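Colleague: Could you build all of it, start to finish, from the sequences and the hints given here?
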Amino acid sequence: MNVAVLLKQTPDTESVIRIASDGKSVVTDDLKWVVNPYDEFAVEAALRLKEKHGGSVTVISCGPQRVVESIRTALAMGADTGVLIDDPALEGSDSLGVAMALAAAVKEINPDVVLCGSRAVDYDMAQRGPMVAELLGWPHLAMAVSMESDGKTVTIDRPIEGGKVVLESSLPAVVTFGGSHAVWNPRYASLPGIMKAKKKPLAVKKLADLGVDGSQAGTARVTMTSLEMPVARAAGKVIDGGLDTAGKATELVRALHEEAKVI
Amino acid sequence: MASKFAGRRNLDFLLYEVHDIEGLFSLSYFEDHSRQTCDLAIDTAMKLARNLLYPYFKEMDEREPVFEEGQVKVHPIVKTMMKQWGEGGWLSSSLPFEVGGQQLPVAVHMACSHLFGAANFPATGYSGLTTGAAHLILSHGTDEMKDMYIPKMLAGLWQGTMAMTEPQAGSSLSDLASRATPTGRGYYKIRGQKIFISAGDHDGVENVVHMMLAKIDGGPPGVKGISLFLVPKKRPEADGTLEPNDVTATTVYHKLGYRGCPITQLSFGDGDSCRGYLVGEPHRGLSYMFQMMNEARLGVGMQAASIASAAYYASLEYAAQRLQGRKLSSKDPSLPQVPIIEHPDIRRMLFFQRAITEGSLSLLLQCALYADLARAGDVRDRERYELLLDLLTPVAKSYPSENGILSVSQGLQILGGYGYCREFPLEQYYRDIRIHAIHEGTTGIQGMDLLGRKVMMKSGRALEFFAGEVQKAIGEAEAFEELKPYCTRLQEALEKCRAATMHRLTFAMKGQMEIFLADATLYLELFGILAVAWQWLLQAVAASKGLRDDCSDRNKNFYKGKLHTMKYYFHYEVVKIQGLAARLLESDALMVEMDNSLFDD
Ligand SMILES: Cc1cc2nc3c(=O)[nH]c(=O)nc-3n(C[C@H](O)[C@H](O)[C@H](O)COP(=O)(O)OP(=O)(O)OC[C@H]3O[C@@H](n4cnc5c(N)ncnc54)[C@H](O)[C@@H]3O)c2cc1C
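Protein sequence lines correspond, in order, to chains A and B.
To convert, note that position 240 of the first sequence is 240 in this note's numbering; the numbers rise steadily by one, no gaps.
Position in the second sequence (first residue = 1) + 263 = this note's numbering.
Everything labelled a hint here was simulated from the structure, so no lab data went into it.
Mixed in with the good hints there might be a few duds.
Derived DSBU-like pairs: lysine-lysine, alpha-carbon spacing no greater than 35 Å straight-line [said to hold, decoys possible]: (1) B:K310 x A:K198; (2) B:K594 x B:K830; (3) A:K164 x B:K346; (4) A:K107 x A:K32; (5) A:K196 x B:K409; (6) B:K721 x B:K735; (7) A:K199 x B:K409; (8) A:K196 x B:K267; (9) A:K107 x A:K196; (10) B:K336 x B:K590; (11) A:K32 x A:K206; (12) B:K830 x B:K267; (13) A:K237 x B:K594; (14) B:K310 x A:K206; (15) A:K248 x B:K590; (16) A:K32 x B:K721; (17) A:K32 x B:K452; (18) A:K261 x A:K248.
Owing to the predicted nature of the structure, the values given are computational and were not obtained by experimental measurement.
Modeller: Structure follows, in structure tokens:
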């Protein structure tokens, strides 16, 4: 069974994020980059499929040269080959442009199934999986917390309010992953895996190599207009301890009504 | 628990900017490595540290090992950890490719073990000993031993130990009493008692492989009669089954800290059927064991620095949040209280922690680099690297251990009363770190090793090489105006150390050995401050270069923080050399020429 995993490189969730002076991008100079955790779940799921059915796992990613490091991480976990689409035309693009590039790369390898995270921990667009499925004309099973396949169909579980839903589709299909680290428990790269990853094939491609029109994929239809940090939490307020209980209650009610405006 | 236990940016800085380990990748032994493989290894170590080790730091302390039905039982996660370390290749990371290792530079291996130790030091007892014991078999064992034991050990299925200490023979190994009787059948019959053996028995593994020191019947007395034996808890038979080998755990000790890992008392040969297999030549066991001990000493230093690191980040996080008091310049009680990090005394304690932690780490990575170069560097320089490593090993073991205790203590102080409570991690760090000044040779023993052996060996050449390295750092630092005053201070510290060395040696030359070594621990203390000052100057050079080259705001803060910590170290710590040198330059024999009746009261 041949599996393609779409992988995005995102800032480490423990990095300190700072907004750039343009107010709509983040300072990337000294960020630590990692594999988007949800995509890491997809890599884990892909490797489990490979263990069961044989075949190979290809990791496909878009972005600058630094993304190679994240692809190698997936190769060190056990994936077989990597494809990086590194094209300056994609720099100002949006989710659809990236999806066009990814879908074109998927078509080239023609896998049985495409796996990726349901979202990325940076901008939380949650668009990539559904868009790639649409561009491929394949079914899309979203937010899987478990996945089984007999090689012809794929079945997933998705938790819903108060229970779970089981979905099935024929292959080929696109599955996007939800859940958490504890659910997927993605394997750690091993040191021998890291040494082997160095020698695994990793192709770097331009949009033209994939037959994608750079002016189309590179044109953003959705643009980010601003980025803001959460409002800093205001200091708490302590009610004057000199008041008696009734006085304190009165003061609390007044503060909740007039200052916090919650009652 | 605090969110951070180790500084990744700091590790990169030390490895690549201060010690330039990328230089290693051009040596043929390391040619398969690159910054990319090393970064991936360190990133993965960080993940393991965060996800597998750190979550059990407290729990393993609370559920300490128990001795039940003749078996030591440990926290069940130990089994998972050993398996992960084994499967991931971590137990063999710096061993050569041909034995299934990854030939990683020792510096990178140490960087990874720093992350593991900062996340959960007691857990690293299991892995460190297994790697060390496997390496010892690899260096001196027979092919049969290598085939039979090493794969299981490196897979994390069998535990390795270092079985030296006996009730009457702790620091003084020449007094070992364990015996080995030749049988003429390829093995010796072993009898003896060992105490304090780390990970000496537990249920997280299938078998335990003891690297045991014992004396062959009729051999020469003292250290010249010590041999090294491989003594398995269970003997692997030809058909793959494991036979009991008459090794019994008799108790597990109850310790101040380091509770996640058991130390055991072991009895060998109670039933007269314990088989031991000689490793290497008879009577040369101690010299073989020194290989494992020297590696373990650097490992101990690294674990001390790692605990100090975790404590530092926990204190730093706390100090930024805890509101208490107001600035002396604005005592107005209607103003809100300030975070305690605003108080100069708290800042001093934080810088103390940081200076000790990062200075120790730098020294340890320096030693690791010498180990790598001694193995793979230019053959003409190898002896120099070996001598530097030999000289600095007792320093790199003791400085982080002794100063780590003080550093964690200051960290606990920053938390005030909360620091003393089990709800906060500082009290555990404080308990855990205390062992490092004791095991693998107490600080006293390290002091005597430094002054009594290392300084004198090869007519003092190691010391001359060391002085050369310090001088080289001073030369580099002089290119930066801001660093010049510290070059002068380091030069003075080096001179003080030279003078103290010469003065102590006059007693040795007169044959007054007791007086010569009476204050060896103080000498070690002085030497440690000097060595770490050298490392801080090297860090300052790297930070100054970073600032000179264009860099981002965050990097700027990082480099400036490095320079500030360096200054702290020279102004607050290096000055202590004056007092130590003053004492070492005196000629009395206060601790020697006295009678114990002076203790009567
Ligand atoms: C948690 C823990 C784990 C351990 N793990 C192991 C292990 O895995 N394997 C193993 O073999 N051992 C292990 N040990 C034993 C450890 O190495 C010894 O405890 C240590 O070497 C000191 O020996 P001792 O306890 O007999 O103290 P002693 O040797 O009795 O020393 C007591 C004091 O006297 C000083 N002293 C001793 N001799 C001299 C001298 N000649 N001159 C000046 N001062 C001297 C020492 O510095 C020390 O301060 C462990 C101990 C502990 C507590």
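Colleague: Now look at each hint and say whether the structure bears it out.
Modeller: Okay, the hints, checked on the actual structure:
1. Restraint check for B:K310 and A:K198: satisfied, since their Cα atoms lie roughly 20 Å apart, inside the 35 Å limit.
2. Between B:K594 and B:K830, the direct Cα distance comes to roughly 30 Å. Compliance with the 35 Å bound is thereby established for this hinted pair.
3. A distance of roughly 34 Å separates the Cα atoms of A:K164 and B:K346; the hinted pair therefore holds under the 35 Å criterion.
4. Of the pairs offered as hints, the one joining A:K107 and A:K32 holds, with about 31 Å between alpha carbons and a cut-off of 35 Å not exceeded.
5. Distance hint between A:K196 and B:K409 is fulfilled; the C-alpha atoms sit about 25 Å from each other, no more than 35 Å.
6. With a C-alpha separation of about 22 Å, the suggested pair B:K721 and B:K735 falls inside the 35 Å cut-off, and the hint holds.
7. Distance hint between A:K199 and B:K409 is fulfilled; the C-alpha atoms sit about 29 Å from each other, no more than 35 Å.
8. For the given pair, A:K196 sits about 31 Å from B:K267 by alpha-carbon distance, which is consistent with the 35 Å threshold.
9. Distance restraint check for A:K107 and A:K196: the Cα-Cα separation of roughly 27 Å lies within the 35 Å cut-off, and the hinted pair is therefore satisfied.
10. Between the alpha carbons of B:K336 and B:K590 the distance comes to roughly 52 Å, so the proposed pair goes past 35 Å and is violated.
11. Between A:K32 and A:K206 the CA atoms are separated by roughly 25 Å; this keeps the pair inside 35 Å, and the hint holds.
12. For the given pair, B:K830 sits about 25 Å from B:K267 by alpha-carbon distance, which is consistent with the 35 Å threshold.
13. With a C-alpha separation of about 20 Å, the suggested pair A:K237 and B:K594 falls inside the 35 Å cut-off, and the hint holds.
14. A threshold of 35 Å between alpha carbons decides the hint, and for B:K310 with A:K206 the separation of about 32 Å falls inside it, so the pair holds.
15. For the given pair, A:K248 sits about 30 Å from B:K590 by alpha-carbon distance, which is consistent with the 35 Å threshold.
16. Annotation: proposed proximity of A:K32 to B:K721 is violated, straight-line Cα distance about 47 Å (limit 35 Å).
17. As the CA atoms of A:K32 and B:K452 are separated by approximately 56 Å, the hinted pair breaks the 35 Å bound.
18. This hinted pair checks out: A:K261 and A:K248 have alpha carbons roughly 18 Å apart, not beyond 35 Å.
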